[in-house]
Amino acid sequence: MPATEAAVGFAPRQAATGEELDLAMQSLWLAGRILPVGAHLVVRHTFRSQEQKPIEVIYSFALPRDAALRRFRVSGEGFSVRSELKPVQEAVRAYEDGLQAGHLSTLARSYRDGVVNLTLGNLRPGEAVTVLLEILCGVELHDDGLRFRFPFTLAPSYHARARVGEAAPGVGEIELPEDEFGDVILPRWAAEVSGLHEIGFRLTVEAGAELASVGSPSHAVDVKLENGRRGSVMLARERDVPNRDLVLDVRTREAWSGTLAGLCRQGQGHFAIVIPSSRFGARPEEPRSVVFVLDRSGSMSGAPIAQALKACEACLAALDSQDRFGLVVFDDHVEAFRAELVECSRENRDRAREFLAGVDARGGTELAAGLKAAARILRDEGGDIFLLTDGQVHGTESIIEQARAAGIRIHCLGIGSASQDRFLALLARETGGVSRFLTPSERVDRGALELFASVGRPVATDVTVESEGLGDARIEPKPAGQVFSGTPLVIFGSTQGAAQGALRVRWQNGGERRALEVPVEIGPNSMGETLRLIRGARLISDWESRTEEPPEEGALGQRRQRRAQERLRRLSETYGLASREMALVAVVERAGDQPGELPKTTVVPVGMPEDVEFGAYFPGVRSRMVYHQLLREPKGQAFGRVLLCQADTRAKARKARPSWDILLELASAIEPDGGMPGDDDEERALASLLALLCFLAEGNTETSGPYRRHVQRLVAFLEKVSLNERHRRIADGVLELARRGGSLPGNWLELLALGPAPDCWNRIAERLAEEAGRTSGLP
Amino acid sequence: MTELTLAELAEQTGVPERTIRYYIARGLLPPPIRAGRGACYGPEHREALERIRRLQARGLTLAEIARRLAGETRRDGLPTPSPWWSYPIAEDVLVWVRADAAPWRLKQVREALLDLAARLRTNQQEEENDRDAGD
Numbered sequence: 001m002p003a004t005e006a007a008v009g010f011a012p013r014q015a016a017t018g019e020e021l022d023l024a025m026q027s028l029w030l031a032g033r034i035l036p037v038g039a040h041l042v043v044r045h046t047f048r049s050q051e052q053k054p055i056e057v058i059y060s061f062a063l064p065r066d067a068a069l070r071r072f073r074v075s076g077e078g079f080s081v082r083s084e085l086k087p088v089q090e091a092v093r094a095y096e097d098g099l100q101a102g103h104l105s106t107l108a109r110s111y112r113d114g115v116v117n118l119t120l121g122n123l124r125p126g127e128a129v130t131v132l133l134e135i136l137c138g139v140e141l142h143d144d145g146l147r148f149r150f151p152f153t154l155a156p157s158y159h160a161r162a163r164v165g166e167a168a169p170g171v172g173e174i175e176l177p178e179d180e181f182g183d184v185i186l187p188r189w190a191a192e193v194s195g196l197h198e199i200g201f202r203l204t205v206e207a208g209a210e211l212a213s214v215g216s217p218s219h220a221v222d223v224k225l226e227n228g229r230r231g232s233v234m235l236a237r238e239r240d241v242p243n244r245d246l247v248l249d250v251r252t253r254e255a256w257s258g259t260l261a262g263l264c265r266q267g268q269g270h271f272a273i274v275i276p277s278s279r280f281g282a283r284p285e286e287p288r289s290v291v292f293v294l295d296r297s298g299s300m301s302g303a304p305i306a307q308a309l310k311a312c313e314a315c316l317a318a319l320d321s322q323d324r325f326g327l328v329v330f331d332d333h334v335e336a337f338r339a340e341l342v343e344c345s346r347e348n349r350d351r352a353r354e355f356l357a358g359v360d361a362r363g364g365t366e367l368a369a370g371l372k373a374a375a376r377i378l379r380d381e382g383g384d385i386f387l388l389t390d391g392q393v394h395g396t397e398s399i400i401e402q403a404r405a406a407g408i409r410i411h412c413l414g415i416g417s418a419s420q421d422r423f424l425a426l427l428a429r430e431t432g433g434v435s436r437f438l439t440p441s442e443r444v445d446r447g448a449l450e451l452f453a454s455v456g457r458p459v460a461t462d463v464t465v466e467s468e469g470l471g472d473a474r475i476e477p478k479p480a481g482q483v484f485s486g487t488p489l490v491i492f493g494s495t496q497g498a499a500q501g502a503l504r505v506r507w508q509n510g511g512e513r514r515a516l517e518v519p520v521e522i523g524p525n526s527m528g529e530t531l532r533l534i535r536g537a538r539l540i541s542d543w544e545s546r547t548e549e550p551p552e553e554g555a556l557g558q559r560r561q562r563r564a565q566e567r568l569r570r571l572s573e574t575y576g577l578a579s580r581e582m583a584l585v586a587v588v589e590r591a592g593d594q595p596g597e598l599p600k601t602t603v604v605p606v607g608m609p610e611d612v613e614f615g616a617y618f619p620g621v622r623s624r625m626v627y628h629q630l631l632r633e634p635k636g637q638a639f640g641r642v643l644l645c646q647a648d649t650r651a652k653a654r655k656a657r658p659s660w661d662i663l664l665e666l667a668s669a670i671e672p673d674g675g676m677p678g679d680d681d682e683e684r685a686l687a688s689l690l691a692l693l694c695f696l697a698e699g700n701t702e703t704s705g706p707y708r709r710h711v712q713r714l715v716a717f718l719e720k721v722s723l724n725e726r727h728r729r730i731a732d733g734v735l736e737l738a739r740r741g742g743s744l745p746g747n748w749l750e751l752l753a754l755g756p757a758p759d760c761w762n763r764i765a766e767r768l769a770e771e772a773g774r775t776s777g778l779p
Numbered sequence: 001m002t003e004l005t006l007a008e009l010a011e012q013t014g015v016p017e018r019t020i021r022y023y024i025a026r027g028l029l030p031p032p033i034r035a036g037r038g039a040c041y042g043p044e045h046r047e048a049l050e051r052i053r054r055l056q057a058r059g060l061t062l063a064e065i066a067r068r069l070a071g072e073t074r075r076d077g078l079p080t081p082s083p084w085w086s087y088p089i090a091e092d093v094l095v096w097v098r099a100d101a102a103p104w105r106l107k108q109v110r111e112a113l114l115d116l117a118a119r120l121r122t123n124q125q126e127e128e129n130d131r132d133a134g135d
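These protein sequences, in sequence, are chains A and B.
For the first sequence, the numbering used here gives the first residue as 1, with consecutive numbering after it.
For the second sequence, the numbering used here gives the first residue as 1, with consecutive numbering after it.
Keep in mind the hints are simulated off the structure, nothing from the lab.
Wrong hints could be hidden among the right ones.
Simulated restraints, written as ranges between beta carbons of each label pair [to be verified]:
#1 A:402 - B:38: 48 to 56 Å
#2 B:38 - A:177: 45 to 53 Å
#3 B:53 - A:523: 54 to 62 Å
#4 A:720 - B:109: 36 to 44 Å
#5 A:558 - B:42: 30 to 38 Å
#6 B:57 - A:355: 35 to 43 Å
In silico SDA-like links for lysine to any residue, alpha-carbon gap of 25 Å or less [what the hints assert, rightly or not]:
#7 A:600 - B:112
#8 A:600 - B:107
#9 A:372 - B:62
#10 A:53 - B:63
#11 A:53 - B:7
#12 A:600 - B:99
#13 A:600 - B:8
#14 B:107 - A:368
#15 A:53 - B:40
#16 A:600 - A:80
#17 A:53 - B:62
#18 A:600 - B:26
#19 A:600 - B:114
#20 A:600 - B:62
#21 A:53 - B:70
#22 A:53 - B:112
#23 A:372 - B:114
#24 B:107 - A:369
Positions of the beta carbon are idealized from the N, C-alpha and C atoms, including for glycine.
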């Protein structure tokens with residue numbers, strides 16, 4: 001540890017020089033409790049002024065998924081005051097009047113796209129103040145665990161009318177149009193993150209079922225499992241920088257199926273029921289139609305686009321020959337592979353891969369245009385959209401509105417260290433799809449293939465939920481109408497008071513109508529209040545995505561908008577949670593407050609998300625380097641390829657080649673009939689056999705592992721391919737092994753890479769014999 | 001015009017109070033007339049706010065507006081440099097476009113250039129055809 005770090009006192013210091021940093025907001029600490037159906041968080045913001053005059057500090061942050069602010073407490077020397085919830089205009093007035101009177105005023109107000117401005121006014125020279133902000137949010141629940149995501153930085157996002165520039169070298173700024181976004185102030189983005197506020201966290205996890213593991217693909221964490229079902233997780237380092245989201249992965253030993261219920265403070269009953277997708281029956285293996293929509297905007301440049309392309313190729317390879325697909329890439333204009341859906345023939349797939357090979361990242365994020373093009377491709381036949389994006393775009397409410405109107409299911413794969421989780425979760429849910437996300441260092445195959453396998457094949461459709469014996473129970477928000485494998489059905493509801501009864505869930509699986517009954521018992525239990533708040537936050541997020549601004553033309557549009565605002569306000573009042581219509585405000589009168597003094601306004605900077613190039617958003621000094629590089633490149637056609645791409649990052653991202661990466665390539669090489677390519681049947685069979693052994697060796701079987709679909713297809717091919725008698729015997733031996741879920745030791749990847757030589761048959765036969773010897777106990 | 005309070009200035013111009021304070025802190029607006037309790041704002045503040053709105057509508061960022069108001073010169077006497085793209089849209093035509101414009105503006109420009117390039121191509125084609133016909 002460098003000597004300077006040991007000497008750190010209260011204030012953060014510049015890592016390189018040990019100089020004290022002049023930061024209005026010095027640290028951000030996240031604490032809270034994560035449940036299977038949501039989380040209750042408290043964020044501590046520490047402010048301290050080193051200015052000579054009073055200041056007004058604006059900290060801008062992004063809400064997690066399904067989130068709402070509950071309240072805050074502002075504390076300093078001799079005071080500790082709790083916020084009040086007021087309609088936005090009244091809250092702003094109270095804040096301004098407090099400021100004018102010289103008092104310490106604090107306002108937390110949310111804007112479109114889940115952006116919140118926390119404004120602290122009249123912080124005196126040398127004064128230290130903390131703001132403890134309570135947030136309720138959702139989690140991404142899986143059958144076998146959950147993922148939790150908290151944005152420590154707000155990713156810069158695209159908007160066609162945004163004004164973008166460099167305020168100072170290495171500091172970017174984005175200003176959004178006032179007519180759509182009001183007076184929101186976005187943070188400044190710093191390319192160099194070492195001089196920013198510190199972040200840290202400590203969270204407890206209660207998973208329902210027994211915990212198998214808790215970890216983080218984004219941060220170094222210390223994990224303590226207290227008993228089977230509870231654990232705590234904290235940042236392993238003393239401090240970290242705000243340049244990426246916190247992602248926690250919680251895995252349970254078995255799928256959790258259960259009920260959380262209790263009475264809230266007002267005496268109402270609240271419940272949340274989780275039913276794993278495996279309870280709904282098998283996934284129908286019918287042909288499907290899928291349009292891939294790939295975001296190639298500038299913010300994806302570097303590792304994210306490389307990751308997205310890999311995911312796309314792997315998913316293409318998981319399609320069957322009866323499936324049909326389309327492919328759309330977009331930035332600020334849209335390109336489609338074909339104008340309609342095409343058969344998944346070998347030729348079409350090769351063409352699609354060639355098409356993908358020409359894709360690099362550049363330009364803006366016209367997501368709505370990309371989705372529209374995909375909807376056109378699917379027009380009459382119906383099908384699903386599989387969207388790969390970082391979601392870094394503003395004006396998400398209107399994108400969701402348009403997607404909902406198009407009536408096509410959208411499944412989202414979020415990419416990047418600060419993808420807009422809130423937006424992508426809403427987009428998928430509001431259109432009846434499922435969302436997952438990948439973090440930068442993560443294996444592409446696991447999340448992408450898992451999600452893709454469920455696309456277009458719900459295990460349950462027409463899901464209905466009725467209550468029995470629970471009085472006039474309200475089932476709200478409306479549960480999903482379909483269930484996809486891997487993602488459980490979650491049902492939220494409330495009752496008048498303590499109750500005992502059941503929920504009857506009915507659904508369609510294949511041609512069959514099925515039903516299931518879940519007993520519900522609601523009694524006094526501390527869980528009730530938390531459930532009420534989590535449910536309220538979810539309802540508010542849903543409604544916020546439905547209030548489109550600016551409204552449609554004419555009186556009808558305005559009436560609709562007013563109704564939606566009214567509804568949002570009522571929800572806020574009912575649940576005691578802030579929304580776009582209701583804000584939180586606190587005014588603290590301190591001794592010696594001087595009225596009329598004008599505080600100096602400062603904006604808290606945040607870090608660029610670690611995998612987003614600074615130059616991807618902020619043209620200026622740095623992007624000129626890219627410009628020169630492009631000039632040097634001999635390119636006849638300068639159109640299109642010019643903006644926002646950094647050619648070298650993509651190559652860098654491809655350098656590392658872990659074994660799963662090679663598997664991914666193998667998977668994409670599989671042909672529509674399920675076999676590997678080759679000159680004749682013998683050669684194809686041998687290559688397929690070797691590929692199968694590679695997948696088995698990495699723990700994939702016909703029923704488990706990210707590549708189970710590929711294993712199934714290789715097995716099906718090998719079963720029917722014509723072989724001579726000896727080779728058939730060897731192949732059957734391996735197939736037998738595959739069915740048992742076993743594997744053979746050997747350097748199969750290498751053999752395959754060298755080009756399968758006839759000698760390989762012997763190698764496989766030898767290993768099979770050894771294996772047989774071992775299992776039968778003979779020498 | 002009489003002197004205005006911050007709230008009155010905000011109401012008359014439609015610019016929220018917090019935004020006005022932010023502009024003052026960034027040097028886009030002069031500080032209020034008199035400090036402390038008697039702070040107030042005059043016509044120059046109103047005019048400056050209107051000018052900022054106009055420049056914003058043209059796609060300028062606050063940083064650019066500040067630079068413009070400060071006289072666009074740097075301490076070393078050199079004007080602020082700006083990046084440009086060059087589009088060779090035909091063998092004999094080169095068009096320069098400012099690279100740090102807003103995305104929507106660049107899109108407009110690109111579309112216009114595509115049109116121009118297409119037109120130049122057709123003209124050339126026609127000329128060649130004419131020449132061929134004349135021969």
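How the hints compare with the structure:
At roughly 52 Å, the beta-carbon separation of residue 402 of chain A and residue 38 of chain B lies within the given 48 to 56 Å, and the hint holds. As the Cβ distance of residue 38 of chain B to residue 177 of chain A is approximately 35 Å, the hint placing it in 45 to 53 Å is violated. Checked against the hint of 54 to 62 Å, the pair residue 53 of chain B and residue 523 of chain A passes, with Cβ atoms roughly 59 Å apart. At about 58 Å, the beta-carbon gap between residue 720 of chain A and residue 109 of chain B misses the expected band of 36 to 44 Å.
The hint said 30 to 38 Å for the Cβ distance between residue 558 of chain A and residue 42 of chain B, and at roughly 37 Å that hint holds. The given range of 35 to 43 Å is respected by residue 57 of chain B and residue 355 of chain A, whose C-beta atoms sit roughly 40 Å from each other. Of the pairs offered as hints, the one joining residue 600 of chain A and residue 112 of chain B is violated, with about 44 Å between alpha carbons and a cut-off of 25 Å exceeded. A C-alpha spacing of about 37 Å is found between residue 600 of chain A and residue 107 of chain B, which places the hinted pair above 25 Å, so the restraint is violated.
A hinted pair counts as satisfied when its Cα atoms are at most 25 Å apart, and residue 372 of chain A with residue 62 of chain B does not qualify at roughly 34 Å. Of the supplied pair hints, the one linking residue 53 of chain A and residue 63 of chain B holds, its CA atoms being roughly 23 Å apart against a limit of 25 Å. The hinted pair formed by residue 53 of chain A and residue 7 of chain B meets the criterion: a straight-line CA distance of about 21 Å does not exceed 25 Å. A distance of roughly 33 Å separates the Cα atoms of residue 600 of chain A and residue 99 of chain B; the hinted pair therefore is violated under the 25 Å criterion.
Between residue 600 of chain A and residue 8 of chain B the alpha-carbon distance is near 20 Å, which keeps this suggested pair within the 25 Å criterion. For a cut-off of 25 Å, the pair hint linking residue 107 of chain B to residue 368 of chain A stands: about 16 Å separates their Cα positions. Taken as a hint, the residue 53 of chain A and residue 40 of chain B pair is honoured in the structure, with Cα atoms around 18 Å apart against an allowance of 25 Å. For the hint linking residue 600 of chain A to residue 80 of chain A, the alpha-carbon distance of about 24 Å falls within 25 Å, and the restraint holds.
Among the hinted pairs, residue 53 of chain A with residue 62 of chain B is consistent with the structure: their alpha-carbon atoms are about 23 Å apart, no more than 25 Å. Under the criterion of a C-alpha separation no larger than 25 Å, the hint pairing residue 600 of chain A with residue 26 of chain B is consistent with the structure, at around 9 Å. Only pairs whose Cα atoms come within 25 Å are accepted, and residue 600 of chain A paired with residue 114 of chain B is rejected, the gap being roughly 47 Å. For the given pair, residue 600 of chain A sits about 17 Å from residue 62 of chain B by alpha-carbon distance, which is consistent with the 25 Å threshold.
Between residue 53 of chain A and residue 70 of chain B, the direct Cα distance comes to roughly 24 Å. Compliance with the 25 Å bound is thereby established for this hinted pair. Between residue 53 of chain A and residue 112 of chain B the CA atoms are separated by roughly 50 Å; this puts the pair beyond 25 Å, and the hint is violated. A threshold of 25 Å between alpha carbons decides the hint, and for residue 372 of chain A with residue 114 of chain B the separation of about 23 Å falls inside it, so the pair holds. Between the alpha carbons of residue 107 of chain B and residue 369 of chain A the distance comes to roughly 14 Å, so the proposed pair stays at or under 25 Å and holds.
The structure fails to meet hints 2, 4, 7, 8, 9, 12, 19, 22 from the earlier list, while all remaining hints are met.
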